[in-house]
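Using the hints provided, position chain R relative to the given structure of chain G.
Protein chains in written order, with this note's numbering: chain G, 1 to 389; chain R, 1001 to 1364.
Think of the hints as simulated: they come from the structure by calculation, not from any bench. There may be inaccurate statements among the hints.
Quick list of simulated restraints, FRET-style, between CB atoms [unchecked claim]:
hint : chain 1 : residue 1 : chain 2 : residue 2 : range
1    : G       : Arg237    : R       : Val1041   : 41 to 51 angstroms
2    : R       : Asn1120   : G       : Thr50     : 28 to 38 angstroms
3    : G       : Arg180    : R       : Val1041   : 35 to 45 angstroms
4    : R       : Glu1320   : G       : Glu343    : 49 to 59 angstroms
5    : R       : Asp1218   : G       : Arg119    : 53 to 63 angstroms
On the chain G side, residues computed to face chain R include the following (Cβ under 7 angstroms) [stated by the list, open to error]:
hint : residue
6    : Thr222
7    : Ala225
8    : Ala253
9    : Ser254
10   : Ala291
11   : Leu295
Idealized CB from N, CA, C, for every residue including glycine.
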Amino acid sequence: MRADRTTYATGDAYVSTGMIDSRAPAEAHRTPAAPGEPLLTVEDLRVQFTRGGRRINAVNGLSYEMVPGKLMAIIGESGSGKSVSSRALMGLLPGTATITGSIRFDGRELIGLDEKELRKLRGGDIAMVFQDPARSLNPTMKIGAQISEAVRAHADLDKKGVQARAVELLRLVRLPAPERRFHEYPHQLSGGMRQRVMIAIALAGEPRLLIADEATTALDVTTQAQIMELLVELRERLGMAVIMISHDLGLAASYAEDVVVMYAGRAVEHAPVRTLFSNVRMPYTRALLGAIPALEREPHSMLPVTPGQPPDMSALPQGCPFRPRCPNATDKCLEHPPFLEHEPDHWYACWHPAGTELDTAPEVTAAVAPATAAEAAHHSTAHDQGAAQ
Amino acid sequence: MTAPQQQPQGRPVPPKTTLLRARNLVQEFPVRGAGGVKGGVVHAVSNVSFDVYAGETLGVVGETGSGKSTLARSVIQAPRPRSGEVEFQGTDLMKLRRRDLKQARRQMQMVYQDPFGSLNPRWRISELVEEPLVGYGEGNASTRKRRVDELLDLVGLDPSQYARRRPHEISGGQCQRVAIARAIALDPALVICDEAVSSLDVLIQAQVLNLFEKLRRDLNLSYLFIAHDLALVKQVSDRVAVMYLGQLAEIGPAEGIYRQPLHPYTSALLDSIPRIDPATGRANKPVSLPGEPPSPVDPPSGCRFRTRCPRAQLKCAEEEPQLVELLPGHQAACHFPLTVPESELPPRPAGATQAAPDASVAVG
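In isolation and in its complexed conformation, chain G is listed as follows:
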């Protein structure tokens, strides 16, 4: 995330006294959302692109709410619209995108804001960390210069003040030896350290919402745990809300409080993490859970198979988008299932939710039982087999 270079007032006194301290006065003239009031409300968000004469519906009526300080995960496969929807939130989509619906952040409508307003918001109240820290950093600039740039964009400090604040941010993200790293280039840092730098840059504007878009996907699993722990700790210390966008259900289950599962540009299930994983309703979520290779499984066991491919976003199937792959699908599913709060705090869009009397799934084989070879790679048409548990 490159903040725009702003001139800094050289005469200004050094005011930064620490992340926590400097935050307090800033907080005072903000109007924090009242407790219980959502910080972010997304309503019927739709994003369309036109490419080669075809209309691609990347997001198709996404709705969710988020209260301040929450750690929410948005889960989905490639092309499910999880990244596009969060970029819409940041105003980062190209001009070719048509965005409709409503995104309210702290009571303020973000869709239709002009570039100047958006720029103030981006990196300020809402910040984002991306997947590839190597490509998000400028390889020709020292770490210190890049983070100072972000600090200057959000605070009026003199040169010494900017540097002090930058080092302090690097310390906040637990980058070892921050004073030394300040004078190093991105290639001298490991992937995990670069991601720490990216988080430090994101924190420069004291965001109230941090969006981590697959922020640990490019990292090794041991480093991933470090970065996730850092995000959880920072969220508590700074009281910011975090949206983690991920394809990894296990990661979401380990760190998030709330999980939104997306499929074909819509939310299909949304619940607190415990509720969701102990009481999966949406057959799609159940399929995802079943398909993860788990350490508990016997070697060489067959995984439950969901046939077919995610839908073509320019020609979505009629009704429920998961219908062609769903073991529960009936004719009823040709009608679009509404996304409703069917149980307290548990939202889903399904006519035949798993684990209810409406569950029409054929008797499923235990997920760990080895399947016959014939059950394996059948593709796109098989409906009778591979029901996921």
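For chain R alone, kept in the frame of chain G given last:
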């Protein structure tokens, strides 16, 4: 390294024939600093020995820079390793000349991570699958076409629907099926899968993993299955080798590695995997491993894991641990393996073996 004869559960194991035997493999690459002046050496693979038995899947797991891909390339001699022995079906590949090596390679094929990157975008699927047959002068045009249809069927792609398409007209998972069809076209004995399902979404990944499993059973294939995801590797493997910074930390039966890891690194790797208990739906919170992997240009003395190891002692810095068989068929390279309880470890000299976490900077 002796051949493991018994799996831990005491399951009877038929006598095994060794398909691939690698001994003391070393691969190093020179690196140059700014201006191409300063030289260093990346110790990508250091003294690695292992066997792959016929019909068996050996999983290799490791983090970025652990040398797992270099290991695979050393096996197929592309490029040739710096030193060591690679014996495949009784032939020493290190001594083969080019033409003989080509013949040996028809028995070992690779599937790579990026399905689009490994297929020529201008070729039709049928041409892509036919290419290895043409390259080795197999049959004539009509027998090859029959074989292509048969192969596409095997990997679950309807030939009438897919043969005429080009890679951009099919999905990533289907591309990977095409890559697999190419790999099995010549009836190889060994297929080396280098992160072959890592770029696929989980539902498609499950389809492709099951395809690997089906082909293993139907064609009696052996796999060298390389991935960074331990759970995934365990799912497909009979035995698992854990690599750290160019060396084998541990090798043993898949179940044994998971139920009773011997090397502290394997244990840390297991702990850092975010996972959901399939029975309760509860998540096991990952435990992070502190520190950064050291640079393979300048690996730590003694045990390469000691800078991050919670059990490291002075001995670990002074002496390089060798792979030792601690359980049947289960070896680990550790002076203080997890079979030794914490209480029996010698008292730690404070700070003696822990390098400052910052002393390690990864390259690239």
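Hint by hint, here is what the structure shows:
no.	hint	in the structure
1	Arg237(G) to Val1041(R): 41 to 51 angstroms	43 angstroms, holds
2	Asn1120(R) to Thr50(G): 28 to 38 angstroms	30 angstroms, holds
3	Arg180(G) to Val1041(R): 35 to 45 angstroms	25 angstroms, violated
4	Glu1320(R) to Glu343(G): 49 to 59 angstroms	58 angstroms, holds
5	Asp1218(R) to Arg119(G): 53 to 63 angstroms	59 angstroms, holds
6	Thr222	4 angstroms, holds
7	Ala225	3 angstroms, holds
8	Ala253	4 angstroms, holds
9	Ser254	4 angstroms, holds
10	Ala291	4 angstroms, holds
11	Leu295	5 angstroms, holds
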